[in-house]
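The sequence shown: position 181 = 188 (my numbering), numbered continuously.
Please note that the accuracy of each hint is not assured.
Claimed, not checked - Calculated pairs, SDA-like style, for lysine to any residue (alpha carbon to alpha carbon, straight line, at most 25 Å):
hint: 1; residue 1: Lys-87; residue 2: Glu-224
hint: 2; residue 1: Lys-87; residue 2: Leu-198
hint: 3; residue 1: Lys-87; residue 2: Val-126
Said to hold, decoys possible - The following label-pair restraints were derived from C-beta to C-beta distances:
hint: 4; residue 1: Glu-181; residue 2: Asn-149; range: 47 to 55 Å
hint: 5; residue 1: Lys-217; residue 2: Leu-178; range: 44 to 52 Å
hint: 6; residue 1: Ile-294; residue 2: Ser-48; range: 39 to 47 Å
Simulated from the structure, these hints should not be mistaken for lab results.
Using N, Cα and C, we set each Cβ at its ideal position, and we do this for glycine too.
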Amino acid sequence: MIKGNVRVLAASLIGSAIEWFDYFLYGTVAALVFNQLFFVSEDPVLGLIIAYTSFSVAFFLRPIGGVLFSHIGDRLGRKKTLVLTLSLMGLSTFGMGLLPTYQVIGIWAPIFLTCLRFVQGLALGGEWGGSVLLAVEYAPKNRKGLFGSVPQIGISLGLILGSLVMSVMTLLPEEQFMSWGWRVPFLLSVLLVLFGLWIRKGIDETPAFKKAQEAGEISKLPIADTLRYHWRAVLIAMGAKVVETAPFYIYGTFIVSYATSNLSFSESEALNAVVIGSLVATILIPIIGHLSDRIGRKKIYLFGIVATVLYAFPYFWMLQQGSVFLLVLATVIGLGFIWGSLNAVQGTMMSEFFPAKIRNTGISLGYQLGAAVAGGTAPLVATALLATFNNSYVPVALYMMLAAVISLIAIISIKGNGHVKEETDSKLEEMRVGHN
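Using the sequences and the accompanying hints, generate a full structural model.
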């Protein structure tokens with residue numbers, strides 16, 4: 008049993024890390040390369056905004072991918088979904104590494120790049136829910152927080168891999184980096200994908216899905232049942248996602264362009280700060296996940312919300328000092344501790360909002376809608392706010408605080424401590440989230 012659980016956790020973690028590595032790689036390169044080689048403009052700020060727009064557009068494909076692949080997950084099983092999503096992500100990322108630039112094929116370059124980004128969005132939309140449920144539905148009853156935190160580590164690991172490999176490639180002479188260096192991580196990702204597929208093909212279907220299958224409780228149209236009976240839980244999940252996703256893309260993606268373009272930091276200094284902050288999050292996530300099994304998910308999430316509000320202005324003040332040490336410290340506090348705490352419990356908490364027969368659809372829809380509204384737009388909104396308000400960080404800090412308030416409203420709608428018992432009978436249709 009222990010050996011089986013280790014393989015399941017490895018499958019959820021490795022696949023998740025690879026998917027997020029591919030996904031974040033685009034965000035990092037968009038700030039450094041795509042605005043010059045694909046989204047060409049005489050105005051550098053406009054080119055960056057267009058590049059971030061292509062980054063954010065994929066987020067609106069994620070809910071569609073979530074519904075599409077979670078339908079497969081709720082109807083045919085979690086495993087099939089995870090193999091499909093990882094394959095699609097790998098192919099689209101590899102394709103980006105082969106694309107000719109605007110200088111070679113003109114307008115077709117950004118069109119092809121954006122299409123591949125769409126595929127990434129669809130794939131990630133289906134990946135997250137499946138990987139979380141793979142871990143949670145295999146977990147012992149009193150360790151769901153710990154197990155559910157493992158695939159969440161994949162998010163920070165993906166960010167670490169993406170930032171680290173780009174930090175290394177930026178050490179190349181500028182001409183070589185812009186010519187071919189930026190392509191290397193995209194091309195090498197295919198090796199990681201093949202390894203992830205090998206791991207995932209060796210696992211069995213989750214016990215919860217098998218149980219629902221044997222009981223004849225497989226939903227014929229999961230999206231319809233979700234929207235009809237569990238729309239409140241979807242809205243709560245969507246609202247809860249906002250405080251985790253908007254600040255995350257400020258701490259992990261926007262910071263790269265802000266620190267290099269608006270402040271005095273080098274690309275490697277900004278990327279290294281993100282790597283260190285992500286390492287702290289990676290270490291902290293399973294610890295917080297284990298803690299949530301003892302004190303509940305809701306208390307930890309409320310801590311993250313309050314911390315986000317209190318930290319918004321100090322975060323930017325620290326960046327303004329021009330100190331590399333303070334840049335790293337600011338990122339460690341924001342990305343490592345605050346975001347790490349939120350991310351650790353998010354997957355397990357959301358999975359407890361929904362019954363097994365529509366759980367994949369429910370958590371994917373709530374999570375991906377929240378990501379679409381608040382996540383992908385965060386670097387774009389932050390860049391636009393800077394341009395509009397004469398490079399003042401005040402509106403960006405207020406934007407982060409607004410994200411926290413939205414999630415606060417969602418979280419206080421959850422009854423009790425947010426630690427819902429495993430649903431086992433017909434009462435599943437009566438969720439505690441806003442129903443009792």
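Verification of the supplied hints:
1. Of the supplied pair hints, the one linking Lys-87 and Glu-224 holds, its CA atoms being roughly 19 Å apart against a limit of 25 Å.
2. At most 25 Å may separate the alpha-carbon atoms for a hinted pair to count; Lys-87 and Leu-198 meet this at roughly 20 Å.
3. A distance of roughly 18 Å separates the Cα atoms of Lys-87 and Val-126; the hinted pair therefore holds under the 25 Å criterion.
4. About 54 Å separates the C-beta atoms of Glu-181 and Asn-149, a value consistent with the hinted range of 47 to 55 Å.
5. At roughly 50 Å, the beta-carbon separation of Lys-217 and Leu-178 lies within the given 44 to 52 Å, and the hint holds.
6. For the pair Ile-294 and Ser-48, the supplied restraint of 39 to 47 Å holds, since their beta-carbon distance comes to about 45 Å.
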